[in-house]
Amino acid sequence: MNIKQLFFVAALMSAGAAVAQPPPGGPQQSPEAQAARAAMMKSCAADIKSLCDGKEGRELMMCLRGSDKVSADCKGAMSKMPAPQRPPQ
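Quick note: the sequence shown uses this note's numbering, first residue 8, plus one each step.
The set of hints was computed from the structure by calculation and includes no laboratory data.
Be a bit skeptical, because a hint or two may be false.
[Unchecked claim] Capping the alpha-carbon separation at 27 Å, the derived lysine-lysine pairs in DSSO-like fashion look like this:
1. K56 - K87
2. K87 - K49
3. K76 - K87
4. K62 - K82
5. K82 - K49
6. K76 - K56
7. K87 - K62
8. K76 - K49
9. K62 - K76
10. K56 - K82
11. K62 - K49
Quick caveat: nothing in here was measured; it's all calculated off a predicted structure.
Use the sequences and the hints to build the structure in full.
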C-alpha cells in the first residue's frame, strides 16, 4: 500500500466517524417543551411507577400511550406535550 492509498483510507475512516457522531449537546428542547415534559412527569408519576416502572424516554412514552389504565390527569398532561421534532435530513 503506498502513501496515497494510506491517506485515502484514513480520510474515509475519519469522515465516516464524523458522520456517525450526534450533534454536540444532543437535541435541544424549547423552554415550552421542557415545561410540558416536567408537568407530564409530575402528573404521571404514579402511573409511571405502577404501569411503566423502569422504562425511560421513548419506551416510557410508548408504555403510557399504550395503556388504557392511565389516569385522567396523566392523559391531560400527555395531550399537552409537543410533537417530537425530527432532525432535518
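Here's how the hints hold up against the structure:
1. K56 - K87: 21 Å, holds
2. K87 - K49: Holds - the C-alpha atoms of K49 and K87 are around 13 Å apart, at most 27 Å.
3. K76 - K87: 19 Å, holds
4. K62 - K82: 18 Å, holds
5. K82 - K49: 12 Å, holds
6. K76 - K56: 12 Å, holds
7. K87 - K62: 21 Å, holds
8. K76 - K49: Holds, at roughly 17 Å.
9. K62 - K76: Between K62 and K76 the Cα gap is close to 16 Å, so the pair holds against 27 Å.
10. K56 - K82: The given pair, whose Cα atoms are some 15 Å apart, holds under the 27 Å limit.
11. K62 - K49: Holds, because 16 Å separates the two Cα atoms, which is no more than 27 Å.
Violated hints: none; the structure is consistent with every hint.
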